[in-house]
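The primary structure of each chain is shown beneath.
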Amino acid sequence: MEQLLIKIGQNLFLVFGLMALGGAATMVLAKNAVHSVIGFLFAMLSMAGCYLTIGAEFMGVAQLLVYAGGIVVLFLFVVMLVELSKSREKGLFQRQTPFALVLVVAGAVAFVGVFWRTIFGSSAAEALTLSPNLMAQGEKLGNAQMLSRGLFAEYLLPFEILSVILLVALVGAVVLAKTERV
Amino acid sequence: MPTPTLTQSLIIALLQAILVVVFIFVVVPLTLYAERKVLGYLQLRLGATRVAGSLTGLTGFVNRNMWKLGKVPMLSYWRGIVMLVGDVVKMIIKEDILPTKADKFVFFIAPAISFCASVIVFAAISFVPGTLFVLPKFIPIVGGLPVSGAVGDVNVGLLWILGIASVGVYGIVLAGWASNSKYPLLGGLRSGAQIVSYEVPLTLSLLAPVVMSGSLQFSEMSRSMAVGLPYWGIVPQFLGFFIYLTCGFAETNRLPFDMPEAENELVAGFHTEYSGMKFGFFYLAEYINMTVVAALASAFFLGGPWLMPFGLHGVLNPFFTAHLPAFLVPLLCEPHAIFFVVKIIFILFVYIWVRGTIPRYRYDQVMAVAWKYLIPLTLVNLMLAAAVRYLTV
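Those protein sequence lines, which keep their order, are chains L and Z. Per the numbering used here, the very first residue in the first sequence carries number 35; after that it's consecutive. Per the numbering used here, the very first residue in the second sequence carries number 1130; after that it's consecutive.
If you are wondering where the hints come from, they were derived from the structure by calculation, not from laboratory data. Beta carbons: idealized from backbone N, C-alpha and C, even for Gly. Any given hint could be a false lead.
[As the list claims (entries may be wrong)] What follows is a list of derived Cβ distance ranges for each label pair:
| id | chain 1 | residue 1 | chain 2 | residue 2 | range |
| --- | --- | --- | --- | --- | --- |
| 1 | Z | Val1471 | L | Trp150 | 55 to 61 angstroms |
| 2 | L | Leu52 | Z | Val1155 | 33 to 39 angstroms |
| 3 | Z | Val1150 | L | Gly56 | 25 to 31 angstroms |
[As the list claims (entries may be wrong)] Covered stretches of chain L, going by a simulated chain Z footprint (3 or more residues, C-beta under 8 angstroms):
| id | region |
| --- | --- |
| 4 | 37-50 |
| 5 | 53-61 |
| 6 | 79-93 |
Using the sequences plus the hints, can you model the full thing?
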């Protein structure tokens, strides 16, 4: 019993990962768009579980708060209010299928390559860290404190640039949506 | 203390989860009953006084015979407290109707999401600092082990609470969609927009305690808000408390912000098509969310969950230890779950009080309150909290 539980505990990451994959598959394969969103939500929740099992509590909970709590709600709003079952839109999606297939295959090859190199290549020997002195502090500090120190002290400029990129995307979306009315 | 093995700690966690569910199923029916009675007295009427007023059927048989004996009928005893049982039994045995064109799967899963999200939130709330009780020796596997006052007092507890609570909105939105009917859809959309909007000031108002205590862990935050601040540290809490409570009312869809179920506009909002225990789960989730809001309010704004508010312990303890009988001293002079429960009950009373006092806002007013008034106010409050932090540390 004890051994079995320890075994499960060690492989909890795999369990959550498979759940996330299942959710993602549901999202892609579901006929109904709202069911797809539920699959997406499930995948996001399982991803949060994955983060929790590898000891990144802050990341996990941020995943919950931002993706599961915010972004998927917006998805749901859009999907609920737009009628996707009309044949015209179906035709639109069918035209995209060959391009999508090519992109998916390219993406899959790239990902498998990256995974192959991280698991079996030379980089597998050393642990993935951002900054060694941060890791040393992380032993003493909590998860959130360590992350905030990294974001607001060590990597402040890249962090700010990322937020500016997000802002640009936001303004771009507003401009695209506004053109017809102006 | 021996270190528990994995099996033992899992069993203890299961035990704690059961205790949480028991707590919920004690608090929620009592709140329902209190709502009937308190609302009644607020509106100058009696509230529930009896169950089974009729003279027919099985209850009628009992009642008739009790009238003959010269007694008040058994089932109407003590100010309608039988209503507690009546509400629950009614909900369980009511017919469960599935609308013909509803989406079966989503219709089924929506109340489950709502209910589960509101219960899982309790994982990060710690009822007692440290150990709740030690299991007696004679229990087979887990005898002699301590049960801590929180299921999982993780170091990002507050974020956990906010994150899981924000998943609860899916229950409402999906219920509105799955019913395949106009009013529920509108109710669900309104509620989704309202909850997503009010999450911003709610989180910002909870940031003030985070800034002042410098932690995200529930127990550490409560400890620091109770005993780690100077007296004038209460100023940002004062404003923050009212903002938090307002947002809490909006998040739990209570009056004056009960947009999703504004009866005169939307029949019953997102749960119009629901009946039986599926409706019961939405009902339960609403009251559990109220309890969670009350728990957070008492932890971060009312002087820590396990102590008396406003540092009264420091003033009263010398008097208590001198004059009270010995068995009351550990109960009243030390940190205790009783204070937590009393504060939760007080906030729940405030919920009902406000419901009986303030009329409902219009929908555009609800949104205006959140975006135009509450968010700027919380930002001011956050600045105040940062100033307190700067001056104390």
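### Query
Any of the earlier hints contradicted here, and which numbers?
5
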